[in-house]
Amino acid sequence: MSAATAPTMPKMPSSETLKQAGRVGSSPTPSQLLPDATLIRWLRDMMLIREFELRTMAAYQQAKIGGFCHIYIGQEATVVGTFAAVNHDDPVVTAYRDHGHALARGMTPEACMAEMYGKLHGCAKGKGGSMHMFDRPNHLYGGHGIVGAQTALGAGLAFAARYDWEVLNKAPGAPVLDGSGHPADRPRTPAGKKVCLCYLGDGALNQGCFHESLNLAGLFGLPVIYVVENNGYSMGTSIERGTTMAHNLVLKAAGYGIEGIEIDGLDLLSLYDKFKPYADRCRENQRPGFVDLKTYRYQGHSMSDPQKYRTKEEVQKYQERDSIDRLAAVLMSPKGEPAVGGHLGRGCLSEEQFKDMQREIKEEVRLAVEFAEQSPSPEAAEELYTDVYANPQPGLSSIRDYHHGVRNSLL
Amino acid sequence: MASLTLVQAINLALTQEMEADDRVVMLGEDIGKNGGVFRVTEGLQARFGADRVIDSPLAESGIIGTAIGMAMAGLRPVPEIQFEGFLGPAYDQIVNHAARYRTRSRGSVTIPITIRVPVGGGIHAPELHSDSPEAIYVHTPGIKVVMPSSPYDAKGLLISAIRDPDPVIFFEPKRIYRAFREEVPEDEYTIPIGKAKIVESGNDLTVISWGATVLQCVEALDKLPEDLSVELIDLRTCYPIDQDCLIESVNKTGRCVIVHEAPKTCGLGAEIATIIQEHCFLSLRAPVQRVCGFDTIMPYYKLELEYLPNADRIAESILACAAY
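Line order of the protein sequences matches chains P and C. Numbering of the first sequence is given in the numbering used here, commencing with residue 395 and proceeding in unit increments. Numbering of the second sequence is given in the numbering used here, commencing with residue 4 and proceeding in unit increments.
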């Protein structure tokens, strides 16, 4: 979209203001071209994730949520900013700290919370839990519990997207690639160029599968962007202690013929400004990408992390640069005036509107918790064996055993 | 109808399924230009192009993981792993991803992937190139495991596997890749997954086997006295197990010998023996026998034939079971 034709382009700030903001002589950034409403929605998305996670922690502490739980607080800008730069039908796959991805992709807080409660109305009928948020209609192909193993899936999703665009498009009467498992006889809408976002933590950089996947992606020219949510720690091991070249991770990607970039993940507007053109290029050129996205998690690795590996002062230092506070400040600062992070104020959000939004979100998440509480638990007889096989041939011994019960028919 | 080897029958099935469905894509080490380490995919890249028959880097976890991603998006990948031992690096992807997606996604995503793997010993190869790991994958809910013993079955089962919406590990007994020929129809046909085959009918004793060992069982039958009537069952699909076929046979004969190449302890034979114990207890007239590989690392070729069940061992076991 060129600046001249952008219908929603805001009034440009004066050159004097730009000078003050340190942007003299530069053309408007991608985020400056976006309407206020979009930025307000981003703020809301981040606030929703944070509120959701706070209630998740509370529910976990009340033992309402089983297993393990990894909280996304602090990293909200990552997912909101990168999703904003791609299309809704671009496939996404991520690791286990995935509640933010699910919500930002459009999963309802109800389905997400009920999943963690292990309830029937969770996104996977309560069978997947916190680490395995899956949302097919929103093109979210799961959170994954095995560190780094999802990087190959990202390569595969990107392969399929490129194959759809490059090969199937050319074949008249070709099946629609919708994963339904059946050759589709409906008319085919030509597939466009897609780009897959594959998120991983910095710990995943040390897994073998990551290196296999980058090699495959670089070699085959797969449109997948590996977004490293670099929060500085793989569980309790700081990146310097666990990973070579921690200060220059993009060199790892360079070894696979992939040009990587570093992004400050705590400032949503800068993040978007840098990521948007990068993602567009990966899509256009159908090439892989690699982003060292520097972020920070405020909570421990999981809910049971004693956090001996870092100081309270360190956490506090990052909280002072909080991504939600920063964006809120930009939106609330007078229009065109320099605001936090060298951005120009938008003057589109009042204190009162902000508080209203907070109240709305609190209520929305409260209702999600209520929904999860009230959602029925899955019935063993109904659910234990469903969704294991799409085509369960007769004689599947497990199903048989279930119907026969534990009692041997001869006894 | 042509007389084909196992390799040719598999190649024909792959050709026909690729012809029929643009979503079928193959990837693996050296499968394109070189036609695969056993030449199973010979000529397919020339025919269907490098977009669909892909020479991948040497990276089993990457190959299977990528194929799973492709399957999630709606393709029907048929990756090849060169030897069963190399499933090790891909194990994580198979067990932790392919097997579980359907459950995790509330049934919204299936993984229609067919992993082709040469399996078993008998070609003078060392360990990692001669193993029989089928029980490991049978023990993994969410996966189906197929192992044909003849060219005809291989073609029909492979077509079923590729069309099946669930992940299938298709084990190809490498020892019989070119051991014999069989009439294989040119037209496409399917053999249902989960159905065993009665190779020989009989009334006195049931022999159950699968893969290349079925041939050793046939050989063993020739060594038996003529008045001993043995029923030989080829399982064909290791999972789901055709329980009805096994139970019906053993309820008829009252005696059972299970033969497989894999090590004895916790081999698939143990599961089958248990199924028989559970369902045929009142019909049994002898303890269930197992003739298996030994609980050791598959030996290199000088000892290979000591390890593999042979016709003599099988015949001896059948006679002991029949005489009990």
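Treat each hint with caution, since some may be false.
To be verified - With a cut-off of at most 25 Å between alpha-carbon atoms, the simulated SDA-like pairs for lysine to any residue come out as follows:
hint	chain 1	residue 1	chain 2	residue 2
1	P	Lys-564	C	Phe-284
2	C	Lys-267	C	Phe-284
3	P	Lys-711	P	Pro-531
4	P	Lys-587	C	Met-4
5	C	Lys-198	P	Gln-455
Unchecked claim - A few chain P positions that, by computed beta-carbon distances, are all more than 10 Å from chain C:
hint	residue
6	Thr-502
7	Glu-707
8	Gln-713
9	Tyr-783
Rather than coming from a laboratory, the hints here were simulated on the basis of the structure. Just so you know, even glycine gets a beta-carbon here, dropped at the ideal spot from N, CA and C.
Here is how each hint holds up against the structure:
Between Lys-564/P and Phe-284/C, the direct Cα distance comes to roughly 60 Å. Violation of the 25 Å bound is thereby established for this hinted pair. Taken as a hint, the Lys-267/C and Phe-284/C pair is honoured in the structure, with Cα atoms around 22 Å apart against an allowance of 25 Å. Proximity of Lys-711/P to Pro-531/P is assessed by CA-CA distance (about 39 Å); at most 25 Å being required, the pair is judged violated. With a C-alpha separation of about 44 Å, the suggested pairing of Lys-587/P with Met-4/C is violated against the 25 Å cut-off.
This hinted pair does not check out: Lys-198/C and Gln-455/P have alpha carbons roughly 50 Å apart, beyond 25 Å. Once the 10 Å rule is applied to beta carbons, Thr-502/P is consistent with being away from chain C; the minimum gap is 14 Å. For Glu-707/P, the condition that its CB be more than 10 Å from all CB atoms of chain C holds, with the nearest at approximately 38 Å. Even its closest Cβ contact with chain C, about 34 Å, leaves Gln-713/P beyond 10 Å, as expected for a residue assigned away from the interface.
With a closest Cβ-Cβ approach of about 5 Å to chain C, Tyr-783/P is found to fall inside the 10 Å limit, against its non-interface label.
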